[in-house]
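We have chain A already, so just place chains B and C on it with the hints.
Chains as they are written, first to last, in our numbering: chain A, 1 to 711; chain B, 1 to 287; chain C, 1 to 157.
Since the hints were made in silico from the structure, they are not lab data.
For glycine and all other residues, C-beta sits at the position ideal for the given N, C-alpha and C.
Careful, some of the hints might be misleading.
As the list claims (entries may be wrong) - So the derived list for chain C, only partly shown, Cβ under 10 Å to chain B, looks like this:
| no. | residue |
| --- | --- |
| 1 | LEU20 |
| 2 | ARG22 |
| 3 | ALA70 |
| 4 | PRO120 |
| 5 | GLY131 |
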Amino acid sequence: MGAKISIPVRRIDAKEKAGGWAKYIGDYEFDNLQHGRFLRSERARAKIIEIKKPVFPEGYYYVDASDIPSSGKNNIQMIKDDWRVFAVDEVRYIGETIAIILGPDKQKVLDLLNEIEIIYEDLIPAFTFDDALACKGGAVHGTDNIFAEYLLNVGNTDNAFKNADKIIEGKYETGFQEHLYMETQGLVGTWEDGKITMYASAQCPFYIRKSVAGTLGVPLGDIRVRQVTTGGAFGGKEHFPDVIATPLAVAVNKIKKPISMIYDRIEDISFTCKRHPSKITIKTGLDKDNNIIAMEIDTLVNGGAYESSTPIVLQRAILHGLGVYNIPNARILGRAVATNTFPSDAYRGFGAPQGLFAIEMHMSHIADELGLDTSDFKRKHFIKTNDITITNSKMHDDVKLEEMFAKIDEMSDYSSKVKKYANDPVKGIGIAFVNHGGGFTGNGEQVVIQGVVKMKRLDDGKAGLYVSVVEMGQGLQTTMRKIAAGELGLSIEDVVYDNPDTDIVPDSGPTCASRSIMVVGFLVQECAKKLKAKWEEGVGTEATHQYVHPEEFVWEQETLQGDAYPAYGWGINVVEVEYDPVTFEVKTEGVWAVWDVGVAIDETIMQGQSSGGIIQALGYASIEKCELKNGAFMQHTMADYTIPTSLDFPKVETVFIDNPYKYGPSGAKGAGELVFDAAPPAYAEAVQNAIGKRIYDIPVTPEMIMEALNK
Amino acid sequence: MVDSYRPKDLKEALSIRAEHGAMPLAGGTDLMVRYQSWTGTLPLFKNSIMFIGHLKEMKYIKKEAKDKTSTLVIGGTATLTSVANHPETPVVLKEAVLSIAAPALRNNATLTGNICNASPAGDSICALYALDAVIVIEKTGSRREVPITEFITGPGRTVLAESELVTAIKVPLKASSVNNFTKVGTRKANALSKLSFTGVADYKNGRVDSIALTFGAVGPTVVRSVELEKKLKGLSGSEIETKISAILEDYSTVIVPIDDQRSSAVYRKKVALNLLEKYLRELSRHE
Amino acid sequence: MKEIKFILNGKEVSVEADPLKRLLDVLREDKRMTGVKEGCGEGECGACSVLMNGVLVNSCMIPLGAVEEAEIVTPEGIRETEKGKLIIDAFGDAGAVQCGFCTPGMMMATEALLTINKTPEEEEIREALSGNLCRCTGYDLIVKGVQIASERGKDLW
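Next comes chain A alone, as it looks inside the complex (with noise of 0.2 Å):
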């Protein structure tokens, strides 16, 4: 860790958020606020026959798709607009918004809440993929429940699998996560200057004025969104908050008065979308030298009842569906279902994990059948730069997985524990390889995002920073600030950044994908350079950057033909663990890391978030179960969604290695998402190295390692 960049600084909003100063969404006054709670479908798939209300005191409102004015849509704008603001006629999963009740007085809202009482006419929900492949009930979404297909393939397939020695197959499933950030959802919605005003707790504040102006049919400069201090997001705040700001927003415009809705936690973990389950199977030929020649992928994705991101988490799923390896003949066919449940989206990784999953244990799987060591057997077929991706284009990385994984060897003693934990009838010890592609897939930077960024000179030599990506924990207000008064030459103190606000910034685009700092914090760099050259104008200078395309990435997004991205994070983790063969409950013993994110912007800030994107990969590898009961979240409290404790796992062990990446800021390449998709695959292989069994599904509780013991 050489660059200087890396050297750590105090977080700038550490002190405020330790002592209790940082105003998050539900600390903040409004004048005559009124409180709003949504009235929603108790049933999976259902045609509203009648709701009877109460009649309604003054001051107290019901508020449905009936109040969407003319010009705008009962249609919530996302990437497509499937997903209804208010359900009309029929609800489609279990937490649907119906309707919203809202007054003065919180008590009176429930009061009136309960009195409410819908009827229903029950259809036949589909729940599993299998239902939703079979259309069960007819299909929810088009005529097929497919909300995206893909097909990749690269050489070819079926010829290699003709001349296959042996051929070795397996099937892999997760499960639900819930974001479990530890602020709930919430926003704010007020009226003033004639204009609706929405504060949030949120990623992408530029989402939610095109989704409210949409609903509304107004201009986008008729909605201003102000982020406020975030307490957390992991992809749950970067979609979802259009959910609940389209309906408040039609409430604001009918009343115009502040409306605050934000939810509870049992509301948040019961009605909030969660990571997509997956299930995906994995056919792999080898030739006569145990060298793979052949892959064949088959991954589902479940999307839930609306379309919302999943045909881009789809995407990704597959994009890294053939994890760090060289495999010349292989097809990948990818399948989103649409189903009654409530809708899946964004989780940190956004179908990365699932299919890192699958291939890590795939590989450990067949180096287990031909009684190989799994590291000899991956390392043999690590991508190099220059080598044909799946999407036939070339890896233009350079990959250093050889240097790091003598790295990991060497901190965690991986080799030889794996000889002497061979036989051992408790202990075991697991590794995995990832990388994960920054930025949007493709050429979306180009496209679709197109990012902008403003910097000016203000009053006593300090620079003003105005771009959309927010600060929502993982600490862009610190690392954006070190972009910009690096090039700068001020103190970090000296760039103003304030959490940003639609009618101030310009839209540089969410914040997601590991995008923040690769591509929004190398415009930062290059409009700072602008800056620099122009500062001598004095007080009030501006420059703007907006993103360029590198000309050597191509991409055709028809076909997902090309550069699907144009660097990757790279990373290996080993995990060890120990397990108790009375109650089948697992103990991890040690946890290292070692990642190549290009350059740390500040080596603390990037030790933070590798220990953090491990123990919420290894929840959900281990403890975080969330099932589905007739179409409903069986886990709905805290207490029964269980995240992990400080108790829970170890100390992580964590090293970056130097790597720089030419487009990114001093070299910086995504991170944030990266550092979560090696952990689940190696804790579930050294899980299955302690027990002696085969380990294919996540979350590996202990009901399920009994189960595979019996077998």
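This is chains B and C only, laid out in the frame that chain A set:
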């Protein structure tokens, strides 16, 4: 909205119970969650509430000795933290209490509250069944003592009458050389039970003199079979070892758990029996 | 409605409210002490941690009527004390703060721990923080923050 009362002492608390039947609230860690409503609104209590957490008369833990037997008396408002910290607290009870939630909750929750909650997954209850705890119940002008096995009648149900208050829990301090409390939770800390197990036993002249085996969260109330325990009394360690599979078979008929959002019936039963087996093996080596 | 008196951050205060109102709501709404956060409302997460008569408790599970005559300390009550500043600085230097929603509660848990154990081992710190959930950090840098606070604060606690 319901009424609430704040008695100045135990006597007044008993008269409020007699007059209004107000539900006692000590730490609030169960009731406030059970009746939780929307942020900023009042909890949805169905009955009036009486605050008792501040009553100093019941905030004690003391050891009483009588006729060569000693008893730990835990006052009705003693917190879990104070129970865990008391030097005379039997080890299985201490471990059970420390397995509950986290420090902040234990600082306010009371042992009495845990019992009156009568959850089949109540961790302290599993230990108190094995320790033959006795519940001291008072009402204005009278007092009775009820064994915990009779106090709890079902999930969330007890024999406590509306006019009564639990003022103490008596835990006999008996010789016990082989002790085990194990909680299998949903995670490593701050967890709810999938199941729990308590075993306490003592040998005299190489033969089991006393033994109690209890299982939490595997039935509507904590499971304890005095009948099956009788079969073990008088056995030597080596005799126990030879009978382990028969004992497990006996117990497999009384452990009848269910599936829920925390675990499965199959897992609960298997692990309960595994814990029992592990305990019996340890017991057999101890004589 | 009742008038209830208690000591809040060293000063006697009086609140006119239903005694069954949650202390959390009293602190946030009546007293505008928004350093106390609501993460779950069921005693699982510790974001609402305060000190009651010197020990750590969850204010979401305590009705106002139960704090009559008690001493309550919120993040607002310690953040400008010598100990509070030291913890905040230690957290800042360790990188313990990410989204920050759990952090005031973590500060309260740290204060409670160091009061009874000046030089805790890593395992004791993890035990003391086990009721304060964090989704961002994976806890490592918070543990480090407590360790730094303990080293620097030897003469304070």
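Hints versus structure:
{"no.": "1", "hint": "LEU20", "in the structure": "5 Å, holds"}
{"no.": "2", "hint": "ARG22", "in the structure": "7 Å, holds"}
{"no.": "3", "hint": "ALA70", "in the structure": "8 Å, holds"}
{"no.": "4", "hint": "PRO120", "in the structure": "12 Å, violated"}
{"no.": "5", "hint": "GLY131", "in the structure": "2 Å, holds"}
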